[in-house]
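Protein chains in written order, with the numbering used here: chain G, 1480 to 1816; chain D, 13 to 238.
A hint or two may mislead.
Chain D side only, calculated, beta carbon under 8 Å to chain G, not exhaustive [to be verified]:
id	residue
1	Leu82
2	Thr201
3	Lys236
In case anyone wonders, no lab produced these hints; they're calculated from the structure. Cβ atoms here follow ideal geometry from the backbone N, Cα and C, with glycine treated the same way.
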Amino acid sequence: MNLKERVLNRLQGKEVDQTPVGCTTTYGVVDFMKKCGYERPLADTDPQAMTELAIAGHTYGGFEWVKAMGWDIAALSEALGCELGTPRIDRQYYINKFPYAEGVENIVFPSDFLSRGRFPAYREHIKLLKERVGDRLVIFGETEGAFTCAANLVGPEQFIKWAIKKPDQVAKTLEVTQQAAIAAANFAFDYGVDFFVFAEPTSGPALLNPRIYEKLVLPVEKEIVSQIKGPVVLHVCGDTDPIIEFMCQTGAAGISIEEKADLKRAVEIAHGYGVKVFGNVATATTIFSGTPEEVYREAITALENGTDFLCPGCGIAPGSPLENIVQMKKARDDFFK
Amino acid sequence: MASEERTQEILKGLQQAVIEFDEDKTRELAQAAIDEGVDPFLATLEGLAEGMILVGDLYNKKEYFVSELLLCADALYAGLDLLKPAIVASGRISEAKGSIVLGVVEGDVHDIGKNLIKMMFDVAGWTVYDLGKDVPLEKFVEEQLRTDSDIVGLSALMTTSMISMPEIVQKLKEKNPRVRIMLGGAPITPETVEKYGADGYAKDAGTAVDEAIKLIKMLKTEEKAK
């Protein structure tokens, strides 16, 4: 069974020889950059550098699928008018200014959305990545999800307050970001990705009441998933225990969760919906600042708890040591010996 | 002077207004407290702060989340903005609790957690010097020296920004060995605090003030022992 079959089969619920290992959020890791010779910030915007760094995850990190569309979760927000902060080799793009902090009366979905921001570069990049590894590796695209994007446009603090006090303003913003999310994912599928991840950190219980997630976020995610041409994976950070059911009800093919969530329970729930689970080795405390032995142990635990795809729980921190990252594949190989 | 019954009514009302994040109601009752001669210090502590403690219980029970806490904080500030000047005008010098310089470290713009921490210190009667977000290293040192604060609180949400914390801790300690430094934010653990040479850790806003008081007490005990 080749790697592409292993990953696709698992995603489709078919037989696999072993659990795939990889990363399904960002992996703009400095050690990968040094190894492949293509560094951020060039790799944030240049199609070739982005492609080489994507493949470095497979070559040096042992990842069995690769990521398209760069190393941050700001692409939709950028194309809708957010000003981004300056990236460095060890710091991804971040949201610097919220263009609709004063109100969303004038917000509209721009007809030239896919010509804005980094989408033209992504077009070339996905084509290139497909040419290079598309026959043997699964490729996924990723952006921030509709709720997180909307919060970036308004300002997260104000937006989550609006979610309680001004739901009509939230709905108006989500109407636009929903279109952006659908457009971005279908664009990625058109150019050849195999699945698409929406990262939704701002919608998680670390900030938002799960009851509001159910009321405001779930219907939007459902609608988005229903309009996308291929499988969607939904990533939410933090302790997602209270919203695992809702994440599974979005229609996503997979959910990606952190170590703060109960993986075993999540797998039980998700499998009831036919949903796969990605996770959940701790990025900050273990892959970034722990020892190789700790990463190995956490990876084994994740496998024992039934993860469908052995992954970090979130985006890998740029300064994470390569020696730590490769422990995930080592653990998986040993587990299935 | 308000009767005891009316005072209790105002205090309970303030608590409830904070819990229900009703800014107008908090403002109205804070004004009533001032107009009717209720001690503004009492209204702050037994009304607003007590309300926030009850909010903290709801948070711990997972009935409230940060989304609600932020709204409760707005309601609390609506009252505090009226009561603080009244406390000053009354000539009552509140027991000095301490002072803290707070900020989110450079490269990080996630300030929701920091703002909640700020509120807890504000309502507990501390003097808070809030540097905001994306704060350069030197700014923390300058502000600590300028204000001679008891505590410096550093916040980070990203692993990419938390790595600047050890340098800030070192610089602060070099300039002023008496200062006590607290770290907070999603990637921070008690182990990080130890590794980075800081002094305290608060897992959330509810425990931050207690931890800060503990640090100051420890410092005073150490100095007495010398």
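Self-check item: chain G contact restraint for D/Lys236 - C-beta distance below 8 Å
Solution: violated, 36 Å
Practice problem: Let me know if the C-beta of D/Thr201 comes in closer than 8 Å to any C-beta of chain G, holds or violated. | Solution: At about 6 Å, which falls below the 8 Å cut-off, the nearest Cβ of chain G leaves the hint on D/Thr201 intact, so it holds.
Quiz item: Should the hint that D/Leu82 touches chain G count as held when the rule is a Cβ pair under 8 Å?
Solution: Since chain G brings a Cβ to about 5 Å from D/Leu82, closer than 8 Å, the hint holds.
Hint compliance for this structure: hint 3 alone is broken.
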